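> Sequence:
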Amino acid sequence: MSIDLSLDRIRALLANVRYTRPTIHIAGTNGKGSVSSLVSSILLAASLSVGRFNSPHLISVLDSIALNGQPISAATYASARETVETLNTVHQIGASNFELLTCTALLVFERAEVDLVVLEVGMGGRLDATNVIPDECVLVSALTAVDFDHQAFLGTTVGEIAREKASIARRGRAFVLGPQKYAEVGQVVRQLVEDIGGDLIVATPARKWEQATSVLLPEQDRGFRRPPPQSVEVSLSCFEKPILAKLPLYGDHQLDNLGTASKIVDALITHPYCAYRLYLRSRIIPDVLSSGIEKTVWPGRLSFHDVPLHILSRVGSQKSGSQDLSNQGMTVLADGAHNPSSSSTLAAYISHLLGGLIGTRTIHLTYILALSHSPPKMPIQTLSPLFSLPLPPNTQVRFSVAVLGFTPVEGMPWVQPVPPFDLARVVHDLAPGADIWQPKNDQESIESQLRQALKWAGEKQSGGGDPSLVVLAGSLYLVADFYRLLQDADE
2 MSIDLSLDRI RALLANVRYT RPTIHIAGTN GKGSVSSLVS SILLAASLSV GRFNSPHLIS
62 VLDSIALNGQ PISAATYASA RETVETLNTV HQIGASNFEL LTCTALLVFE RAEVDLVVLE
122 VGMGGRLDAT NVIPDECVLV SALTAVDFDH QAFLGTTVGE IAREKASIAR RGRAFVLGPQ
182 KYAEVGQVVR QLVEDIGGDL IVATPARKWE QATSVLLPEQ DRGFRRPPPQ SVEVSLSCFE
242 KPILAKLPLY GDHQLDNLGT ASKIVDALIT HPYCAYRLYL RSRIIPDVLS SGIEKTVWPG
302 RLSFHDVPLH ILSRVGSQKS GSQDLSNQGM TVLADGAHNP SSSSTLAAYI SHLLGGLIGT
362 RTIHLTYILA LSHSPPKMPI QTLSPLFSLP LPPNTQVRFS VAVLGFTPVE GMPWVQPVPP
422 FDLARVVHDL APGADIWQPK NDQESIESQL RQALKWAGEK QSGGGDPSLV VLAGSLYLVA
482 DFYRLLQDAD E
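So our numbering is basically just the index in the sequence shown, starting at one, shifted up by 1.
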């Protein structure tokens with residue numbers, strides 16, 4: 002795959018599109034989507050109008066551009082896209098699809114005259130299409146967790162990757178550095194922001210203030226169910242007391258993301274340039290902050306979904322003697338973990354869930370997996386954490402694994418799934434005793450394959466007495482197929 006990381010084309014496009022919206026610009030390897038959703042939700046709770054741009058999209062290109070928390074309409078998208086494509090043609094710019102999408106989003110936000118825009122970087126930062134917005138528009142830049150990904154484009158060391166991503170910093174603007182795994186990231190970012198003349202703000206994780214409760218149902222139902230929100234507290238320099246809230250995003254890594262989001266909001270209230278552009282001190286008060294945190298929605302990242310198994314009824318008939326699943330349901334934990342770092346985060350959360358099963362000796366864990374073909378990243382690197390879970394003493398895991406592909410991604414023809422046969426070989430190497438399911442017919446639609454995989458997982462869950470957990474992961478594109486299936490079931 003060849004990607005031209007020049008900014009000339011997007012600059013040429015934006016030279017013909019007026020953009021003036023106050024903007025929060027967020028880069029990072031992992032967590033930038035969660036941080037953008039938290040910040041947006043807090044701003045919405047303050048009765049501000051908010052535009053949000055995330056990539057890649059989940060179900061359709063419309064959900065990559067949100068106005069006030071909702072995906073834009075097809076008509077709104079088509080109108081802005083037509084304008085951008087006309088400019089691209091008339092001026093013979095030759096912009097890429099992502100550049101066209103970015104410019105479309107900015108035009109949508111400008112036409113809507115939103116109070117604030119939360120803009121997520123696509124890949125990297127320095128040469129990302131989002132980095133061409135005017136300096137005067139940027140209120141705060143932020144960097145979430147940096148890890149190894151896209152090394153072919155961003156560099157082979159974590160320091161090189163951090164430099165590329167942190168290069169969205171602007172002179173005289175706040176730059177929020179989220180909690181980091183690697184000390185080198187902090188060192189590189191500090192120097193870069195200082196050289197640019199930005200104002201560095203270092204975020205710390207939010208804190209838990211209440212022990213989590215069990216997520217396992219009573220003895221008659223051995224499937225996991227959605228856990229309660231995390232009870233958290235965050236501190237902002239503009240408030241005397243910590244803010245208490247219920248965080249609906251799961252996993253300890255979300256404490257890092259909430260800490261980063263809180264510092265972004267803190268900067269919006271207290272930084273001189275932010276106060277000059279948009280006075281928010283009277284709008285964002287403690288109750289508003291708590292409410293915004295609690296209303297945050299970010300699908301596809303440690304998201305629990307109840308799946309009524311009757312929606313799988315199109316998948317043939319029950320085998321003789323098998324359990325009747327028609328009136329049952331199962332809970333699926335869906336997560337778009339697609340690189341070794343996010344896979345390790347998912348594995349840590351699964352271990353946390355399993356750690357609550359005191360006295361349990363065997364746990365049945367079913368994975369439904371798909372991965373993108375993305376050299377030099379190898380499938381075994383991404384999947385290894387999922388099969389080497391830290392477990393409570395005297396506890397064993399029995400693995401069942403379904404491997405499949407995903408639907409071709411709209412506007413991204415270069416994105417291809419790893420063939421299920423190749424994934425099955427990797428799973429066999431990582432978990433030799435695992436029960437593996439793969440499609441018998443590669444020509445079947447992904448919808449049909451996914452229905453079969455879910456039905457197979459449901460039968461595995463209902464067929465034994467051990468506690469069981471079903472996890473769908475490996476690619477946001479597989480998660481998108483799963484959501485489309487749920488949408489079809491609701492219609």
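There may be inaccurate statements among the hints.
What the hints assert, rightly or not - 27 Å max Cα-Cα, derived DSS-like pairs, lysine-lysine: (1) Lys247 / Lys209; (2) Lys182 / Lys209; (3) Lys461 / Lys378; (4) Lys242 / Lys209; (5) Lys378 / Lys296; (6) Lys378 / Lys182; (7) Lys461 / Lys441; (8) Lys441 / Lys456; (9) Lys456 / Lys378; (10) Lys296 / Lys209.
Claimed, not checked - Just the calculated beta-carbon pair ranges, DEER-fashion: (11) Glu185 / Thr90: 22 to 32 Å; (12) Phe240 / Thr90: 28 to 38 Å; (13) His429 / Pro309: 28 to 38 Å; (14) Asp489 / Arg112: 27 to 37 Å; (15) Arg112 / Pro273: 46 to 56 Å; (16) Pro377 / Cys239: 42 to 52 Å; (17) His353 / Asp436: 19 to 29 Å; (18) Gln488 / Arg278: 32 to 42 Å.
No wet-lab data here; the hints were simulated from the structure.
Remember, predicted model here, so these are calculated numbers, not experimental data.
The beta carbon of each residue, even a glycine, is placed where N, CA and C say it ideally should be.
> Each hint should be assessed against the structure and marked as holding or not.
The hints, checked one at a time:
{"no.": "1", "hint": "Lys247 / Lys209", "in the structure": "holds (10 Å)"}
{"no.": "2", "hint": "Lys182 / Lys209", "in the structure": "holds (19 Å)"}
{"no.": "3", "hint": "Lys461 / Lys378", "in the structure": "violated (31 Å)"}
{"no.": "4", "hint": "Lys242 / Lys209", "in the structure": "holds (15 Å)"}
{"no.": "5", "hint": "Lys378 / Lys296", "in the structure": "violated (35 Å)"}
{"no.": "6", "hint": "Lys378 / Lys182", "in the structure": "holds (20 Å)"}
{"no.": "7", "hint": "Lys461 / Lys441", "in the structure": "holds (18 Å)"}
{"no.": "8", "hint": "Lys441 / Lys456", "in the structure": "holds (15 Å)"}
{"no.": "9", "hint": "Lys456 / Lys378", "in the structure": "violated (30 Å)"}
{"no.": "10", "hint": "Lys296 / Lys209", "in the structure": "holds (18 Å)"}
{"no.": "11", "hint": "Glu185 / Thr90: 22 to 32 Å", "in the structure": "violated (44 Å)"}
{"no.": "12", "hint": "Phe240 / Thr90: 28 to 38 Å", "in the structure": "violated (51 Å)"}
{"no.": "13", "hint": "His429 / Pro309: 28 to 38 Å", "in the structure": "holds (32 Å)"}
{"no.": "14", "hint": "Asp489 / Arg112: 27 to 37 Å", "in the structure": "holds (32 Å)"}
{"no.": "15", "hint": "Arg112 / Pro273: 46 to 56 Å", "in the structure": "violated (30 Å)"}
{"no.": "16", "hint": "Pro377 / Cys239: 42 to 52 Å", "in the structure": "holds (45 Å)"}
{"no.": "17", "hint": "His353 / Asp436: 19 to 29 Å", "in the structure": "holds (25 Å)"}
{"no.": "18", "hint": "Gln488 / Arg278: 32 to 42 Å", "in the structure": "holds (39 Å)"}
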